[in-house]
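Peer 1: Sequence:
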Amino acid sequence: MDQGGCQMSGGGGGGGDGSGQDQPGVITLEDLESFSEDQLTDSGNGSLEEEGKTMEEEEDEHSDQLLQYWQNVARGHQVEVSQEMAEPIRQLTTNNQGRSNREHISFTLLTRKEKCGELLYEKRHYEKGHWACITMREDTYEQSICYGFMRIMKYICQQNSLGDYLGMTLPIITVVRTNENHSVVSHEVTVAFYLPSEYQAQPPQPQDDEITIEMWPATTVYTRPFNGPTNEVTIINQINAMAELLDSPGAYVNDSFIVAGYTNPAHINRQNEIWFLERR
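The sequence shown: position 261 = 261 (my numbering), numbered continuously.
Derived by calculation from the structure, the hints in this document are not laboratory data.
The structure presented is a predicted model; accordingly, all values stated were derived computationally and were not measured.
All C-beta atoms, glycine included, are put in the ideal place defined by N, C-alpha and C.
Accuracy of the hints is not assured; some may be wrong.
Mimicking EDC-like on lysine to aspartate or glutamate, the simulated pairs with C-alpha atoms at most 20 Å apart in a straight line are [to be verified]: (1) 128 / 278; (2) 115 / 244; (3) 123 / 255.
Label pairs and their in silico Cβ distance ranges [what the hints assert, rightly or not]: (4) 215 / 164: 19 to 25 Å; (5) 205 / 119: 38 to 44 Å; (6) 198 / 117: 34 to 40 Å.
Based on the sequences and whatever the hints tell you, model everything.
Peer 2: Here's what the structure looks like:
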């Protein structure tokens, strides 16, 4: 599982039973449905249901407002969201004909360390599984994450061999690489999406030639939750904080880490996790 990285995704850990309890969200995820309508209303764009309009007109307006909102958020990362993203955004941020339940990746909790009631980290085991992955090398770390996630979105939303919406799984992860002393994050990141259970045996193939379907082996990770943005500064801080807690550099991979995201990148209080991969 030590391959690649993503941002437009936030994250918040699941329960100890591996069920991944619901928690709030960078451009992907857990609260997208409620986020899309609540945020649009709060932003002064008006109600999504205006009297006198047909259902099709309302859906088109809703889609346009969602796209505009995402475009505004992405500009903060110097990222452009094109018009062709309107339909993938709509599918990921609406009920999508009842198919928008989020499947949490299951895991087995091995150990949990707390101090004064505060969770310091968990050690979890994840089984092997198929992931859709894309590695990006943009001018900035944030651009790599954002563009990578948008291409994964297109794969999830019909640009696959089934031509259908595949459904969402959580977390969306990004594999980030650092230098030896964890002071610099590489702009090369891999965005990865765990395929829903029903497609694990026969993964739909991507139309995007740069997206690959990979079988990642069973993996044990040390994971720690954190809130807020997932930029280069916060990730470096979280990596160093986790390394200090573990205080055993020989136990984990030292130059490749995972940021797991469970919530929408536009949320003020994003919930995320940093994962350290146990060395084999």
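Peer 1: The structure should be examined with respect to each hint, and the outcome stated for every one.
Peer 2: Hints versus structure:
1. Proximity of residue 128 to residue 278 is assessed by CA-CA distance (about 15 Å); at most 20 Å being required, the pair is judged to hold.
2. Distance restraint check for residue 115 and residue 244: the Cα-Cα separation of roughly 14 Å lies within the 20 Å cut-off, and the hinted pair is therefore satisfied.
3. Proximity of residue 123 to residue 255 is assessed by CA-CA distance (about 19 Å); at most 20 Å being required, the pair is judged to hold.
4. Distance hint check: the CB atoms of residue 215 and residue 164 are about 22 Å apart, consistent with the given range 19 to 25 Å.
5. Separated by about 39 Å at the C-beta atoms, residue 205 and residue 119 satisfy the suggested range of 38 to 44 Å.
6. Between residue 198 and residue 117, the C-beta spacing of about 39 Å keeps the proposed range 34 to 40 Å intact.
In this structure, none of the earlier numbered hints is contradicted; all agree with it.
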